[in-house]
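First to last, the protein sequences are chains A and B.
If you're matching positions, the first sequence starts at 369 in the numbering used here and goes up one per residue.
If you're matching positions, the second sequence starts at 369 in the numbering used here and goes up one per residue.
Just so you know, the hints here were simulated from the structure itself, not pulled from any lab data.
One thing to keep in mind: the hints can contain errors.
In this list, chains with the same sequence are indistinguishable; a pair is considered to hold if it fits within one copy or across any two.
[To be verified] Capping the alpha-carbon separation at 25 Å, the derived lysine-lysine pairs in BS3-like fashion look like this: (1) Lys-409 <-> Lys-542; (2) Lys-655 <-> Lys-478; (3) Lys-429 <-> Lys-655; (4) Lys-542 <-> Lys-723; (5) Lys-478 <-> Lys-658; (6) Lys-655 <-> Lys-508.
Predicted, not measured: the structure shown is a model, and the values here were computed from it.
The chain contents come next:
Protein chains: 2
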Amino acid sequence: MKFFVIFLFLTAGLTKASVAQTKIKYINASALHIIGKLQEKAPAFQRLDTASYPGLPPAVKRLLTQSAGMAVVFTSNSPAIWAKWCVSKAKTYDNMTSIANKGLDLYVRKNGQWQFAGVGRPSEQCSQYQIVKNMESGGKEFLLYLPLYDELFNLEIGIEEGSEIMPAPNPFRKTILIYGSSIVQGASASRPGMAYPARLSRLTGLHFINFGLSGSAKMERPVAGLVAEIDADAYILDCVPNSSPDEITQRTSYLVNSIKTRHPKAPVIIIQSIVRETSFVDLQWEKRIKLQNESMKKQYDSLCQKGVKGLYMISADGLLGNDHEGTTDGTHPNDLGFDRMLQKLLPEISAILKKHDVL
Amino acid sequence: MKFFVIFLFLTAGLTKASVAQTKIKYINASALHIIGKLQEKAPAFQRLDTASYPGLPPAVKRLLTQSAGMAVVFTSNSPAIWAKWCVSKAKTYDNMTSIANKGLDLYVRKNGQWQFAGVGRPSEQCSQYQIVKNMESGGKEFLLYLPLYDELFNLEIGIEEGSEIMPAPNPFRKTILIYGSSIVQGASASRPGMAYPARLSRLTGLHFINFGLSGSAKMERPVAGLVAEIDADAYILDCVPNSSPDEITQRTSYLVNSIKTRHPKAPVIIIQSIVRETSFVDLQWEKRIKLQNESMKKQYDSLCQKGVKGLYMISADGLLGNDHEGTTDGTHPNDLGFDRMLQKLLPEISAILKKHDVL
Numbered sequence: 369m370k371f372f373v374i375f376l377f378l379t380a381g382l383t384k385a386s387v388a389q390t391k392i393k394y395i396n397a398s399a400l401h402i403i404g405k406l407q408e409k410a411p412a413f414q415r416l417d418t419a420s421y422p423g424l425p426p427a428v429k430r431l432l433t434q435s436a437g438m439a440v441v442f443t444s445n446s447p448a449i450w451a452k453w454c455v456s457k458a459k460t461y462d463n464m465t466s467i468a469n470k471g472l473d474l475y476v477r478k479n480g481q482w483q484f485a486g487v488g489r490p491s492e493q494c495s496q497y498q499i500v501k502n503m504e505s506g507g508k509e510f511l512l513y514l515p516l517y518d519e520l521f522n523l524e525i526g527i528e529e530g531s532e533i534m535p536a537p538n539p540f541r542k543t544i545l546i547y548g549s550s551i552v553q554g555a556s557a558s559r560p561g562m563a564y565p566a567r568l569s570r571l572t573g574l575h576f577i578n579f580g581l582s583g584s585a586k587m588e589r590p591v592a593g594l595v596a597e598i599d600a601d602a603y604i605l606d607c608v609p610n611s612s613p614d615e616i617t618q619r620t621s622y623l624v625n626s627i628k629t630r631h632p633k634a635p636v637i638i639i640q641s642i643v644r645e646t647s648f649v650d651l652q653w654e655k656r657i658k659l660q661n662e663s664m665k666k667q668y669d670s671l672c673q674k675g676v677k678g679l680y681m682i683s684a685d686g687l688l689g690n691d692h693e694g695t696t697d698g699t700h701p702n703d704l705g706f707d708r709m710l711q712k713l714l715p716e717i718s719a720i721l722k723k724h725d726v727l
Numbered sequence: 369m370k371f372f373v374i375f376l377f378l379t380a381g382l383t384k385a386s387v388a389q390t391k392i393k394y395i396n397a398s399a400l401h402i403i404g405k406l407q408e409k410a411p412a413f414q415r416l417d418t419a420s421y422p423g424l425p426p427a428v429k430r431l432l433t434q435s436a437g438m439a440v441v442f443t444s445n446s447p448a449i450w451a452k453w454c455v456s457k458a459k460t461y462d463n464m465t466s467i468a469n470k471g472l473d474l475y476v477r478k479n480g481q482w483q484f485a486g487v488g489r490p491s492e493q494c495s496q497y498q499i500v501k502n503m504e505s506g507g508k509e510f511l512l513y514l515p516l517y518d519e520l521f522n523l524e525i526g527i528e529e530g531s532e533i534m535p536a537p538n539p540f541r542k543t544i545l546i547y548g549s550s551i552v553q554g555a556s557a558s559r560p561g562m563a564y565p566a567r568l569s570r571l572t573g574l575h576f577i578n579f580g581l582s583g584s585a586k587m588e589r590p591v592a593g594l595v596a597e598i599d600a601d602a603y604i605l606d607c608v609p610n611s612s613p614d615e616i617t618q619r620t621s622y623l624v625n626s627i628k629t630r631h632p633k634a635p636v637i638i639i640q641s642i643v644r645e646t647s648f649v650d651l652q653w654e655k656r657i658k659l660q661n662e663s664m665k666k667q668y669d670s671l672c673q674k675g676v677k678g679l680y681m682i683s684a685d686g687l688l689g690n691d692h693e694g695t696t697d698g699t700h701p702n703d704l705g706f707d708r709m710l711q712k713l714l715p716e717i718s719a720i721l722k723k724h725d726v727l
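Chain A with its partners taken away, still in its complex shape (with noise of 0.2 Å):
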């Protein structure tokens, strides 16, 4: 991975601070290091150059351009950190706020750890705002988050006029890909950094990328292509809860198959759907979620008896708790949700990582 250690010419043009008299400096993010995307070629703030893709589904290049799970990675010795950035018109989802749908969110790291600094709220389609100020001084490591839910066209980090700020290197080791559902993409967790494959990264040290595609992760052979096509040292498909159980039975092994033949080491980790908490009350819904649950068991039973190696499952049970409180909307966690299921995933996904010697 390459990284620079110059510092770089702060070219852009002082504008009007938020706090009087302090003037700021703009840089464009692109000119630090971005992390998160699936391809290093890819738009700025894209997760793919869907352009080399023609064969994606439309609502999966639309969901690509979305900049979920990527982070702005750099150095400063400023007290204060500013952004300006603007994403689509798009209306923020109901069930998201602001700040996650289009919003940013900072960690500077303190004493080894990630900690949580600050957020950019969103105003109109492009916003301008203070993230953070009077912090101690010195040089500190910052990740900033970006948008889980929408399409970033710019992003201008601002310092303090006379501090510095460079690219840093990744601080995640190894690529882990995460396919799956608007649960893997973020919704709805309460600002960027929280979505689970974020929260992953930062509890295991591990670079999990966020390959969720809101309602869209189907398993179409062209996005079975692109998940095989991508080097990662494992795989997590978290897709179940977009795919019909015909779809399920019909595309998993292909699935499987195109990233075990490519990768014949990584491990392949299943996750089952979670039981939606609308299903405890919908009889509808719970025959469908059963349905899709068992169909990806039968998958998963049938690939390891041709003999695939390293494909496991983990299965939904206990994924949300059991006080039906872990969701925002009756299927998208919430914070507490995500966490836990990140008390059941963590332990088992390690495991799993420790065993083909990727953690």
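Following the hints, position chain B against chain A.
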């Protein structure tokens, strides 16, 4: 508490159903039973008739028109529930979901427990939404939480034609008033039923009333008078976050004494301010919160020394856990933060209430 034991005659017109051929009957929710109000005679969907309190600060009056903590209780045998409602034109706050800010949150009683059933997703100023469908047959008891951060102008609840709907009695006993800041009002719970006073009600069976005043819980004399005027079995004061250290010094004893004069036997529980996550990186915030909490501790100690009985203080230590992930924006708890608050508050509050025979 009054409630009706006869069926209501459903005179509302039939509207176009969202499910083909299903006909929906709507009834005005003000004809049902609404709990969580500060005053029975207040307008249907407001916590207080502010016109009868001209001395209240304008911000407090405005906030008391918001339906935080209020809920409609009813029974119905309809297999699906709809709602039509109108709120203000105000924009959704960037640190809240529209569901929490302007939406509805339905619980159903199952095996004696209140269980999440579905949400009313707001669209524009006026919304219509099917909250839940395909429920098992039979009569059920429902609790529909109203918007946390908006004024609700009207609300109609829809059931399938041929089904019945009736007001139900308040499922919660006694009265515990929680006076406090935006955190009490519910920022940033993911949906109305996740505000911490609402969760306390479901967890204890007691009727916690939400006197949360976003940003405006400053213990002014007219507000102290209003708090004391409300006839409750216990009073919780979570108002440190909005008051300056000086305001805390000047106003706390007046508030506590006003309550104690009118309700000498009711316990009064002060909660220190959560340590805002922002304060771990912003040195100025760190100082301010330390001073606020120290100031409140001094007031508490002084009142105890003066012989005030039944006064308690819960410290801020560990209220949000220790990984700094418990807020949406550095100040307002997300559902994970609220859950951690409850893990500390529930046993401490329960012990005090038991001591005073309230629980």
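Consistency of the hints with the structure:
Proximity of Lys-409 to Lys-542 under the C-alpha cut-off of 25 Å is restricted to the intra-copy arrangement: shortest distance 19 Å within a copy versus 63 Å between copies. In this homomeric assembly, Lys-655 and Lys-478 come within 25 Å of each other (Cα to Cα) only across copies, at 19 Å, whereas the closest approach inside a single copy is 47 Å. Proximity of Lys-429 to Lys-655 under the C-alpha cut-off of 25 Å is found in neither arrangement, the shortest distances being 31 Å within a copy and 48 Å between copies. In this homomeric assembly, Lys-542 and Lys-723 come within 25 Å of each other (Cα to Cα) only inside a single copy, at 15 Å, whereas the closest approach across copies is 55 Å.
Taking the shortest Cα distances, Lys-478 and Lys-658 sit within 25 Å of each other only across copies (21 Å), while inside one copy they are farther apart (44 Å). Taking the closest pair of Cα atoms, Lys-655 and Lys-508 come within 25 Å of each other only across two copies (21 Å); inside a single copy the shortest separation is 51 Å, beyond that limit.
Checked against the numbered hints listed earlier, the structure breaks hint 3 alone; every other hint is satisfied.
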